[in-house]
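Chains as they are written, first to last, in the numbering used here: chain A, 1 to 221; chain B, 1001 to 1221.
Heads up, a few of these hints could be off.
Said to hold, decoys possible - Label-pair distances were calculated between CB atoms; the ranges are:
(1) Ala39(A) with Ile1211(B): 36 to 42 Å
(2) Arg86(A) with Arg1151(B): 34 to 40 Å
(3) Gly1066(B) with Asp131(A): 30 to 36 Å
(4) Ala33(A) with Arg1162(B): 17 to 23 Å
Stated by the list, open to error - A partial selection of chain B residues facing chain A, derived with a Cβ cut-off under 10 Å:
(5) Ala1018
(6) Phe1025
(7) Val1063
(8) Val1077
(9) Tyr1116
(10) Arg1205
(11) Leu1206
(12) Asp1208
Please keep in mind that the hints were generated in silico from the structure rather than gathered at the bench.
All C-beta atoms, glycine included, are put in the ideal place defined by N, C-alpha and C.
Here are the chains, one letter per residue:
Number of protein chains: 2
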Amino acid sequence: MAGTQYREAVVDLLGALAYGELTAFERLADDAAFAPTIADKAALAAMAVSEYQHFARLRDRLVELGASPEVAMEPFVQALEAFHERTAPADWLEGLVKAYVGDGIAEDFYREVSAYLDDSTRELVLAVLEDTGHSAFAVERVRAAIEEDPRLAGRLALWGRRLVGEALSQAQRVAAERDALSSLLVGGTERPGADLAEVGRMFARLTDNHILRMAVMGLSA
Amino acid sequence: MAGTQYREAVVDLLGALAYGELTAFERLADDAAFAPTIADKAALAAMAVSEYQHFARLRDRLVELGASPEVAMEPFVQALEAFHERTAPADWLEGLVKAYVGDGIAEDFYREVSAYLDDSTRELVLAVLEDTGHSAFAVERVRAAIEEDPRLAGRLALWGRRLVGEALSQAQRVAAERDALSSLLVGGTERPGADLAEVGRMFARLTDNHILRMAVMGLSA
């Protein structure tokens, strides 16, 4: 892996992703407490376990790279905790929408970034982004709930908008603070990245996909 | 596996154990939120994952036995949820003491009961009772905290007593309601169990082990 700045950027990226998986584990396990049935509780727990296994792979890779996983994750703790604090779901359905919308945006973002990575890092990132089956589960449950009580759609659509707003605001904070990480995307002194037009198109794709996901759940974005 | 009552008792036992593991998963994942460092958070998450894997093995066995895991777990939901509600830890150390003391008593109890099981069920029960490394972790952290601030010992000792009291009260409730399960221990119409003196000795062993565990953490029972 060439270049100090590139290595630093990869450690940042894997650290952010690792802490993201660890908080996803916690969030899903928390949501399990809201589950209306034991089977739903077990399904959420299984998804939480998958997130943990993703976390463990990222942590192992950080160790392979000679980085301390804790040090690598540390810069992203505040932003991720702030996001989760500001978007604590009030019930089972809000938790499902959050997991689906939040994971979706994070997945799209990391998939876009993976284009600028070396093969071995890209492979790992794509592997840990693999859907744990949560999406289908969340979509199915949210759609069924809205069919049963259409008034839910308004509240959940608002909730979706709030989630995206908070996610973008925390992401901007991280981008402003972590130069190495941002340079992965927009290029740095050592290597070219996407030009500004490409970054713009990337955000358009992220937004389009978000609107699509909301529609799949039966919600307006 | 001979006898309807025995099969019913085994399904009860595996159901109780399975829901116990599922709530242990949730409890450890919740405790991870209190963790003072990212490494501690990851360690708790790993233990939660082990509990989930135990749960999954028990659920699979229930399916093999032709039982619905959800139906088998249902009778124990209320008692286990009531126990956890009444003993929600206020901080990281209370969570560690609860996990160590609670898992210890549960483990001792199921180990005693396993003497009255057929080989294949006993093997499974002993396998899922295997320590997930949580004990050493909890003991080390609690001892270190008390060494640093000896005043903690009084509060945590009281907390240990409350945990045992609540655990016994919920266990009695379950025993009173689930005849098949109780008959495993004390015998039923189809097969002999322990006599009353043996049940008394079993409770003495459970109590002795609890006192020992408290002492290991540096707490009086």
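Open item on the list: Quick check on the hint: Ala1018(B) CB to chain A CB, less than 10 Å?
Closed with: The hint holds - Ala1018(B) has a Cβ within 10 Å of chain A, the shortest such distance being about 9 Å.
Open item on the list: Tell me if the beta carbons of Ala39(A) and Ile1211(B) are separated by a distance inside 36 to 42 Å.
Closed with: 39 Å, holds
Open item on the list: So, as I understand it, the hint says Tyr1116(B) touches chain A; can you test that by seeing if any CB pair is closer than 10 Å?
Closed with: Given a least distance of 26 Å, the restraint on Tyr1116(B) is violated.
TODO: Let me know if the C-beta of Val1077(B) comes in closer than 10 Å to any C-beta of chain A, holds or violated.
DONE: Holds - the Cβ of Val1077(B) comes within 10 Å of chain A, reaching about 7 Å at its closest.
Open item on the list: Taking 34 to 40 Å as the stated bounds, is the beta-carbon spacing between Arg86(A) and Arg1151(B) within them?
Closed with: Hint holds: Cβ distance 36 Å, inside 34 to 40 Å.
TODO: Take a look at whether the Cβ-Cβ distance between Ala33(A) and Arg1162(B) falls inside 17 to 23 Å.
DONE: Since Ala33(A) and Arg1162(B) have Cβ atoms about 22 Å apart, the given range 17 to 23 Å holds.
Open item on the list: Does the closest beta carbon of chain A sit nearer than 10 Å to the beta carbon of Val1063(B)?
Closed with: 12 Å, violated
Open item on the list: Does Phe1025(B) hold up as a contact with chain A if the rule is Cβ-Cβ below 10 Å?
Closed with: 5 Å, holds
- [ ] Grab the minimum C-beta distance from Arg1205(B) to chain A and call the hint holds if it beats 10 Å, violated otherwise.
- [x] For Arg1205(B), the interface hint is violated, since the closest Cβ of chain A sits about 32 Å away, which is over 10 Å.
Open item on the list: Range first: 30 to 36 Å. Now tell me if the beta carbons of Gly1066(B) and Asp131(A) are that far apart.
Closed with: Holds - the Cβ-Cβ distance for Gly1066(B) and Asp131(A), about 32 Å, lies within 30 to 36 Å.
TODO: Could you check if Asp1208(B) really has its C-beta closer than 10 Å to a C-beta on chain A?
DONE: Asp1208(B) check fails; min Cβ-Cβ to chain A is 34 Å, beyond 10 Å.
Task: Restraint satisfaction for Leu1206(B) [CB to CB of chain A, less than 10 Å] - done: 28 Å, violated
This entry does not satisfy hints 7, 9, 10, 11, 12, going by the numbered hints stated previously.
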